[in-house]
Amino acid sequence: MSQNRPPIGRQSKPTFARQVMPAVALTAVGVGFVSMLDGATTGSVGLTAVATNPVVDPNVPTTIVADPNATAPAAQPTNTTLAPTPVQGNSAAPVATAAPAAPATAAPITAAPSNPGACDGDVVASPSAQFRYGVIQLQTQFTTANVLCNVTVLQFPNDRRTSVQINNYALPIYNQEAVQNHSAKIRAVSGATYSWQAYVAALQAVLDSRP
Amino acid sequence: MPQRTNRMPIRKLRSPGTSLIRDTDVGAVIGFLTLVVVGMWWHHGGMIGFGNSIVTKMTALDQITGLLCSEAGLLGLILVTRTPLLERKYGLDRLLNWHRLLGVTMSLLLILHIVFSVWAWSIPGGVFNAVKSLTGGESYMALTAVGTLIVLLVTLSSLKWFRNQLSYEMWYFVHLTVYVGLAMSFSHQIVLGSDFATDKLARWFWVGIHVVIILWIIWSRWGSLVTACMRPLRVASVTHEAQGVTSVVLQGSRLHQHRAQAGQFYLLRQVVRGRWWQANPFSLSSVPTTAGLRFTIKARGEASEAMTKIRVGTKVIAEGPYGVCTPDAVGEKKALLVAGGVGIGPIVSYLEHLTPSSEPIVLYRAHSNKEVSHLEEIEALVKERNGRVHTLIGPRAKLKVADPFSPKVLLKLIPDLADRVVMVAGPESMIKAVQRGSKAAGVPSENIHAERAWW
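First to last, the sequence lines map onto chains E and Y.
Quick note, the first sequence lines up with residues 380 to 590 if you use this note's numbering.
Quick note, the second sequence lines up with residues 465 to 919 if you use this note's numbering.
Quick caveat, the hints were computed from the structure, so don't treat them as lab data.
Glycine included, each C-beta is placed from N, C-alpha and C at the ideal position.
Every clue listed holds true.
Capping the alpha-carbon separation at 25 Å, the derived lysine-lysine pairs in PhoX-like fashion look like this:
1) E/K392 <-> Y/K798
2) Y/K596 <-> Y/K521
3) Y/K596 <-> E/K564
4) E/K392 <-> Y/K903
A short, non-exhaustive set of chain Y residues, derived as facing chain E with CB atoms under 10 Å:
5) S479
6) I485
7) A492
8) K553
9) C789
Kindly generate the complete structure, drawing on both the sequences and the hints.
If you want it as structure tokens, here you go:
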């Protein structure tokens, strides 16, 4: 009963192993744990310049849209599906276009003087904006008077179900606001702030590159 | 009055013993948490695109400051568990000091986190929109904003200047609300924090570590309070020692189960209407035995004054013992004990514990003769141990020497000072003076032990 513990404040000198082992063990656990986490290849919003010429020939209004029917995003090897035909209005894809789609018929007016109000000017792809959950890339179109008149989302993160949900909801709203305001002054949609930051960064980069 | 214990021979209480923890273990745990937090941020891509734009930079910074802020908070919470693992190694006063430092660190990181967040979110939309999103627009951010405000106010109330403006009870209850504040802010980490919102493993780890620490607080902090409440002590005697100085002896039927050591202190709360929730630290002023625990208390404030006026038979809840400044530090060496004012209490308990080989020299500093207590007791104890007592009584201006603790004066009085273990109990200013003087006189700093004002 009366066995006494060593007095307070008088610990024996610890061995080297006793001093080092806890640190080594905890470091190993820590490193192991961190490496088991989902690694993100992307960080918070960062813009990567598009290597190819950003100006797309307006005569071939190839619109790339996310597949709205992608129920199992994991099954999709790539983020986006190439749609060979222009999108018809808003109904086809929730993320695609908010403003009236680019020339609905493949009969672009090239020779005739443009109507400054019509959305038939330059089509410009944005740099891809990298952020925590993936990449957002936009395609913008301007009137001949250089006013932003159409925004399409080329790429958005859809590898997580949450991302798809959030972006399907928020991106059309951002598209619409961008076209309405003709600028990157867009209000964030609650719950989609990271997307919003990336979206704005991408759009602003395009606007900044315009004369 | 003592009951069962009287039938048993009086013996010293056993020592609570040392802790198994080493400094390196503490370093390893702090390193582990930091590694995981920074690693998580890094692995999730915190650094990617760091150099690209102001938004990127601010977002990365707002994430890492947020995470480190939480880490500081968690470490601060571990300290309030008062776990014996840490307490018996470092002592409660040091733990509470570190708790204070961590609290301030946490709040500074919190302010940075807020600045970076607002900055990052305001880039296209403006500061007003950013603040709007961060105080309500985003899910759980209204809750978080209130929680943040609480945490900042609690830190503010603990800064020296504000602390002195507040009554103890006011400060205490404000301080307790920090748990509410932390819980409210926790929500946004899980829902919006990009490290946890999408990474299941990280989320479980983060929630898990919080749950473990909360359970630890309940088990260790509240558990010790419950234990103390279940075996309350009673005031067995109250003795007037000197002007405003009183000795109180506490007795309990299960005192023989306690472990305590001379030089430790307890948090005492009188079970009297209006006082039961107030716990104040008091040092033992004799070796704790099964016959009772003696505390020498000077009426310095409202709470200690109430303690000096306590009635015999009053129930007292004693949490503890705490503190690592014990005469065990002397070991086989000789001792110099320096007491200032009511600091004489712990010094008496050290003396009782020491063996004759320590040849203790006691320096007793007091402002007036009326303050002097336990002097005969000390003289008797010192005599038995081949030591001597020097008293330095009178206001500072009237002393023969300007600084009674200058190395010159100390060495003249105690030629073998450098070989002695110095133990000081008294007011902060005197502790500093003794530490400075004895260090200059050649005492290695690991041989200088100080007990701060706990009475």
